[in-house]
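So the protein lines, in turn, are chains E, V, P and G.
When we follow our numbering, the leftmost residue of the first sequence carries the number 817, and every step to the right adds one.
When we follow our numbering, the leftmost residue of the second sequence carries the number 817, and every step to the right adds one.
When we follow our numbering, the leftmost residue of the third sequence carries the number 817, and every step to the right adds one.
When we follow our numbering, the leftmost residue of the fourth sequence carries the number 817, and every step to the right adds one.
Check each hint, because a few of them may be wrong.
[Unchecked claim] Per the computed footprint, the stretches of chain G lying under chain E, defined by three or more beta-carbons under 8 Å from a beta-carbon of chain E, are:
hint, segment
1, 819-825
2, 830-839
3, 869-876
4, 891-903
5, 967-973
Don't read these hints as lab results, they were simulated from the structure.
C-beta: ideal position from N, C-alpha, C; glycine also.
There are 4 protein chains.
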Amino acid sequence: MKVSLLDHTDEPELTVASAARLCYSKSTPTELKNGLTQKEAARLIRMIYELGHLSVFEHASFTFGVEGISRVASHQLVRHRIASYSQQSQRYVNISGSENFVVPKTIKESRLSDKVEEFLGRASELYEELLREGVPAEDARFILPQAVTTNIVVTMNARELHHFFQLRLCRRAQWEIREMAARMLFEVVKVAPTLFEKAGPSCYSRKRCSEGSMTCGKKIKSQEEIFIENGLHIDTGNQ
Amino acid sequence: MKVSLLDHTDEPELTVASAARLCYSKSTPTELKNGLTQKEAARLIRMIYELGHLSVFEHASFTFGVEGISRVASHQLVRHRIASYSQQSQRYVNISGSENFVVPKTIKESRLSDKVEEFLGRASELYEELLREGVPAEDARFILPQAVTTNIVVTMNARELHHFFQLRLCRRAQWEIREMAARMLFEVVKVAPTLFEKAGPSCYSRKRCSEGSMTCGKKIKSQEEIFIENGLHIDTGNQ
Amino acid sequence: MKVSLLDHTDEPELTVASAARLCYSKSTPTELKNGLTQKEAARLIRMIYELGHLSVFEHASFTFGVEGISRVASHQLVRHRIASYSQQSQRYVNISGSENFVVPKTIKESRLSDKVEEFLGRASELYEELLREGVPAEDARFILPQAVTTNIVVTMNARELHHFFQLRLCRRAQWEIREMAARMLFEVVKVAPTLFEKAGPSCYSRKRCSEGSMTCGKKIKSQEEIFIENGLHIDTGNQ
Amino acid sequence: MKVSLLDHTDEPELTVASAARLCYSKSTPTELKNGLTQKEAARLIRMIYELGHLSVFEHASFTFGVEGISRVASHQLVRHRIASYSQQSQRYVNISGSENFVVPKTIKESRLSDKVEEFLGRASELYEELLREGVPAEDARFILPQAVTTNIVVTMNARELHHFFQLRLCRRAQWEIREMAARMLFEVVKVAPTLFEKAGPSCYSRKRCSEGSMTCGKKIKSQEEIFIENGLHIDTGNQ
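Next up, chain E with everything else stripped away, as it sits in the complex (with noise of 0.2 Å):
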């Protein structure tokens, strides 16, 4: 898997900071916004976060890349209804000769790993068999393992962000998407630090578990925890 930031708001906290200003103030927009330090941005952001005016956040979007995640995984991610999705079409990209199937951790350390391997391999000729006998790619897609491998663009509003991270970053979601957004969350606290610093679980985010009697019990305290247990290893400075 790989997720890159493939564009986004140009000054995402400074037009956050903004748009929150304006609402309690007579200033025009571009008063504003031409009137603000990033610090001040910064402050307002906070006290926006506290207060729950969570709306500003949505004039902040980010695109996203994300290659090589399982079609179980893109499956979960598009029932997200707040964004917008750009998928490899299985319709029309004939997938043959790709290899590429995600294999859970769970199977690859059991004893059944290499009967997998085999049975994907035999997925992958099967497949291709069924195109050269002429079933056109969208027909012969039937038969590929969920575990094949799809690429897709995302775009959330940094409000929306916030609440997939508090569902998908939560150790009960699933660990493929979970990962997928932690590698979301390291990507967007380089452009906007204020702005995603408390992003993460609720745990994290709002100092309480929102899982009730199926809570995992152990808290996240950093975000660097949620990078760490994703096997991403560089620290965001945001704890």
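Following the hints, complete the assembly by docking chains V, P and G onto the known chain E.
What follows is chains V, P and G alone, placed relative to chain E:
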């Protein structure tokens, strides 16, 4: 595949028509609804449709139970964001024992039909072996072919349904989601015949193809044609 | 102000509960819905609410007729984007003759009450003068005070209603939209008592205030309290 | 009225075009974006537009500062639900001293122009009197005419902007929101000329009127025409 209408706004046509009338009237919503006959509602709905003021169609909501579609189709379906979904979870529901896979006709009719059957059987076996080995269902499912079936509850309002039908009843849509859309249309015309009398692909609903140079070249002239092409045989009266 | 429930998903609680059950079951949607009693549905809905899986609440939709709110309130209302609206048009409906303005209690009880009455009368006269002079209604309305009343049809699903009630039934919400929300709640608890038994401001629904340092300091302990504070006097049984 | 582009997705055309290409390619999002020239991006965007696959346009987001529109216009504006808004609050911002009202040309040019001016002055005075009397700003504003100005920050993606322009640049749209839309278009064609070269009312963007029997009968042939009709005089090059 089976599609049923689980529930819907009780009086969809009277409700839509009274909302439409409200926009241009001094009367109150209840006065307007109480004063409407089904026939007058039908007249208003036809007028609104011609004017393209489809926002009032949003007041009528329809909930479908969909059984036995593939995960290929459900992945396409949930890309429609102005809708609500509850889907059978592959994280929690053990699919084992399920010999239910959707096999495209092009595969069934190909020389490879038996090989595919055998492969799908092998997939089921391997899935069950993985479970017995202690691999969690949420990981074992990675090896399941995308042909595996799922059940899903879908709610859409009448405006979004019109949009959905326009895209997915086109002959260029994939056959499985097209059949699903046809079955959904088949259900809603029974309870809201006027609201959906024009629903269908662009060539039927707007009398012009939306596919440009990709056109199939054969206009659909009645909803009955759609039903017949998708294996549904009863005449609905909307032509 | 008058709020009526114009229409709704016919069996909201059975539909929501069967959608919830589907996620964790091999049974089909119709089997699940047919197999449910109201009592079992109520048990499931309570469980879902505790777990916070409110997405299934989206399958139940409610349509309200709202009469006689000010344009101040309607402007706030339509900021809720996950909803459908049909509003009386000031471009096409001549408001003349309307002495209907919403006058806040703080004004009525002030020394300026008569002056305000006179001013509103002057506004109505001037509006009619403008119309007689040939100014189109869509322009004449610019001089109408924001207190001028409007009628609107609103559709929201049960999840969005919970969110709406959480924000707008808070004592810090503006009094007019708060009363409107109270009247909406009053209607829906009649037809879907379990679905809405926890609906209310955070202090009631989640047992904690969401307003931080801005808190009013007085927790709401029952829906009856909400109704009484908003001038609605009948006991609903949800406490 | 003043409209400025506060911020936007940094490279809107390259981002949209690489998302479009992803759907039909085996390459990764970053490879695709890095491999694109502006010219190639423009070619792809034109192709997408012709095919009607506008979902990829959603990856480009634009944030506007809008100053000095009436509450009539802002009420219409916020009916567009696929957008984000932050509006100057009349609950918290004391409008007093503001002689700023939007007065329609039909009123200015009528015999009643002076009477209206006087009435608006009376409204300002009464508003201030109410505040002095201790009536809260949130209540005093009920007497303010809908002509009163407001400031608002608006974010829309390029797909929604196309839709917004289609509705609001039509000659049948109300003049104030039409001017606002024209000013928004004027800003975005500067930073994303290809993405918006076809943006405009149906008669311009789709070469056919969408207003049926209500048509104004005069097709718009260039964006320059839109700008001129709305008092904006500079040529953008998109014709």
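Cross-check of the supplied hints:
For the segment 819-825 of chain G, the stated coverage by chain E is satisfied: 5 residues place a CB nearer than 8 Å to a CB of that chain, which reaches the threshold of 3. With 7 residues having a Cβ less than 8 Å from any Cβ of chain E, the segment 830-839 of chain G passes the three-residue criterion, so the hint holds. Here's how the segment 869-876 of chain G fares: 4 of its residues keep a CB closer than 8 Å to some CB of chain E, so the rule of at least three is met and the hint holds. Counting residues of the segment 891-903 of chain G whose beta carbon lies closer than 8 Å to any beta carbon of chain E gives 4, which meets the minimum of three for the stated coverage.
Counting residues of the segment 967-973 of chain G whose C-beta lies closer than 8 Å to any C-beta of chain E gives 5; at least three are required, and the coverage claim holds.
Of the numbered hints stated above, none is contradicted by the structure.
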